[in-house]
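A.B. asks: Spelled out, the chains give:
Number of protein chains: 2
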Amino acid sequence: MARLDDLKGFLIAPDPEAAGLTRRLAGTDQTGAATQVSVVEERPLTIFLNSREIVTAMTIGDYPKYLALGFLRNQGMLNDDDEVTGVEYDDDLEVVVVRTARETDHEEKLKKKTRTSGCAVGTVFGDMMEGLEGLELPQTQVRLSDLYALSNQINRTPSLYLEAGAIHGTVLCEGARPLVYMEDVGRHNAVDKIAGWMFSEGIGAENKTLYTTGRLTSEMVIKTALMGIPALVSRSGFTAWGVDIARQVGLTLIGRLRGRRFVCLSGEERLLRDADPETVGEEDARHRRKGARP
Amino acid sequence: MARLDDLKGFLIAPDPEAAGLTRRLAGTDQTGAATQVSVVEERPLTIFLNSREIVTAMTIGDYPKYLALGFLRNQGMLNDDDEVTGVEYDDDLEVVVVRTARETDHEEKLKKKTRTSGCAVGTVFGDMMEGLEGLELPQTQVRLSDLYALSNQINRTPSLYLEAGAIHGTVLCEGARPLVYMEDVGRHNAVDKIAGWMFSEGIGAENKTLYTTGRLTSEMVIKTALMGIPALVSRSGFTAWGVDIARQVGLTLIGRLRGRRFVCLSGEERLLRDADPETVGEEDARHRRKGARP
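Chains A and B, in that order, give the protein sequences. Position one of the first sequence corresponds to residue 2 (the numbering used here), numbered consecutively onward. Position one of the second sequence corresponds to residue 2 (the numbering used here), numbered consecutively onward.
Quick caveat, the hints were computed from the structure, so don't treat them as lab data. Model, not experiment: these values are computed from the prediction. Backbone N, C-alpha and C define an ideal beta-carbon position, used for all residues, glycine too. Any given hint could turn out to be false.
[Unchecked claim] Non-contacting residues of chain B with respect to chain A, defined by C-beta distances greater than 10 Å in every case (computed):
1) 13
2) 31
3) 87
4) 143
5) 205
6) 238
[As the list claims (entries may be wrong)] Taking CB as the label site, the calculated pair distances span:
7) A/93 with B/136: 26 to 32 Å
8) A/45 with B/275: 35 to 41 Å
9) B/12 with A/157: 24 to 30 Å
10) B/205 with A/203: 46 to 52 Å
11) A/142 with B/104: 55 to 61 Å
12) A/248 with B/82: 56 to 62 Å
13) A/100 with B/19: 48 to 54 Å
14) A/133 with B/18: 29 to 35 Å
15) B/135 with A/90: 29 to 35 Å
16) B/89 with A/103: 40 to 46 Å
17) A/34 with B/139: 24 to 30 Å
18) A/81 with B/205: 52 to 58 Å
19) A/81 with B/89: 54 to 60 Å
All chains, full assembly: derive it from the sequences and hints.
C.D. replies: Given below as structure tokens:
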């Protein structure tokens, strides 16, 4: 596992100035005046595992290799004992090919599953739910002081969201430090890109917290648990099934985190209340974002 | 086409009190005090077309028949000339079966596609993009005064969002009247339920506007266009591809509608500016919701 102790800032942060991620489009505002707005790009990326086409994802288009690796990891199609021999990205074809030393049995599994299900959701959920059986997450403590520090820092970090909106963000954190901040038009892509980075860099999950701007749905909770991350935090709200699964696997689940406020619906026993919420300011209006409710 | 002229209010509105759509869950707040929050349900629904399993959607669970019909319509698997002979819903099995008089060729098409693609996104997008070729939407005018009236009424309507959060809303509107207000954990499900209702009731699309709380992504724009609705309005922002497609098919596309403000990035020529934005109040903080930015 990589040593991250000596690092202070982000290892990967959003680059709102990057070419190809946003576009200026001309339109009109409410007064009829001409206006220009920044809009995020959205493009297809088709992921292959060896010779088999697995999925086409709609993505903003940065970090296609991490997205492919993370997607396959989170679907259970790429395991710890699989040796990745190559990851090739073709910008023109909008294709990523992940190659493994041996053909995996997921090819056969997928063939069988897609015969009865035309869509990802069936395939994906079956595989993902299977992976949860017997899973127990590490009992890492989560400090309240860290949560407030993370939330504050993440909301003030320049991002595609602040530039153009209409995008989700997910941040891999360790203690009070945000390490990798990914954004994508699909919120699951942002998580998959983090999973791909962790897999590529050999980063352990047991002392990490995942912060997301998106809702705490079943799929988001399952992905976090399969990644082995013991805490998931969001500005947004919960679904009941998401909470059920978090309780089943012992994930600390915190939602509606805005300014000093939040709700913890699972894994409360691992929350170390080392900060007084009264000393935390309400959220600055300028940094309020998606999911914010007064 | 049904006559709607004599109707004033919603034909279908959210029912935040309905059994089975939300659950009270116990947790703790930032002070460590016990708290109870309302959380939306999320459950699988598997849709069959005749004998073929098509998809498993994660849904809040209301209007399963509309969801099934609308999903199949929006995927191009159920056309105007298909006669639906039955729609059966089994609550225990969480299954809807849609039966048609003749087997459709979509079964064969699906079989072929799923052989090369394990996921909905590939299958779905191919079919949906095909449906756009040569499509031209009706040149219906959109009144600014109607947009402001709709936005104001929809934001004040009791909803699962106001009760529990973490849910998307989509509203089919005619002039200044919101007709059918659907909510779902998946924003595409909310649109599909509206499509299913329109198909079941034989409702025309040419004088309608679709209002959504979600982002104006390619998939949202494609669905609206395939439904034949000439205007799509959202509180949230745009993706570049969504705007490209709207311009291609002549859809009036309005985003970031909050209080008096909005941006129109497509179909400006059909916007009738019959209201002075200066006379419209800023949004009441209590009614601010997802997508809101100061």
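A.B. asks: Just tell me: holds or violated, for the beta carbon distance of residue 93 of chain A and residue 136 of chain B against 26 to 32 Å?
C.D. replies: 28 Å, holds
A.B. asks: Using the Cβ atoms, figure out if residue 135 of chain B sits within 29 to 35 Å of residue 90 of chain A.
C.D. replies: 34 Å, holds
A.B. asks: CB of residue 205 of chain B to CB of residue 203 of chain A, is that within 46 to 52 Å?
C.D. replies: Given range 46 to 52 Å: violated, Cβ gap about 58 Å.
A.B. asks: Is it true that the C-beta distance of residue 248 of chain A to residue 82 of chain B lies inside 56 to 62 Å, as the hint says?
C.D. replies: For residue 82 of chain B against residue 248 of chain A, whose Cβ atoms are near 49 Å apart, the range 56 to 62 Å is violated.
A.B. asks: Per the stated criterion, does the least C-beta distance between residue 87 of chain B and chain A lie above 10 Å, as a non-interface residue requires?
C.D. replies: 21 Å, holds
A.B. asks: Against chain A, does residue 143 of chain B hold up as non-interface, every C-beta pair farther apart than 10 Å?
C.D. replies: At roughly 13 Å from the nearest Cβ of chain A, residue 143 of chain B sits farther out than 10 Å, so the non-interface label holds.
A.B. asks: Kindly confirm whether 48 to 54 Å is satisfied by the beta carbon distance between residue 100 of chain A and residue 19 of chain B.
C.D. replies: Given range 48 to 54 Å: holds, Cβ gap about 50 Å.
A.B. asks: Looking at residue 31 of chain B again, its CB stays over 10 Å from all of chain A?
C.D. replies: 4 Å, violated
A.B. asks: Falls inside 24 to 30 Å, the C-beta gap from residue 12 of chain B to residue 157 of chain A?
C.D. replies: 45 Å, violated
A.B. asks: Minimum Cβ separation between residue 13 of chain B and chain A greater than 10 Å?
C.D. replies: 22 Å, holds
A.B. asks: Would you say the C-beta atoms of residue 89 of chain B and residue 103 of chain A sit inside 40 to 46 Å of each other?
C.D. replies: 45 Å, holds
A.B. asks: Indicate whether the distance between the beta carbons of residue 81 of chain A and residue 205 of chain B respects the range 52 to 58 Å.
C.D. replies: 56 Å, holds
Comparing the model with each earlier hint shows violations of hints 2, 6, 9, 10, 12 and 19; every other hint is respected.
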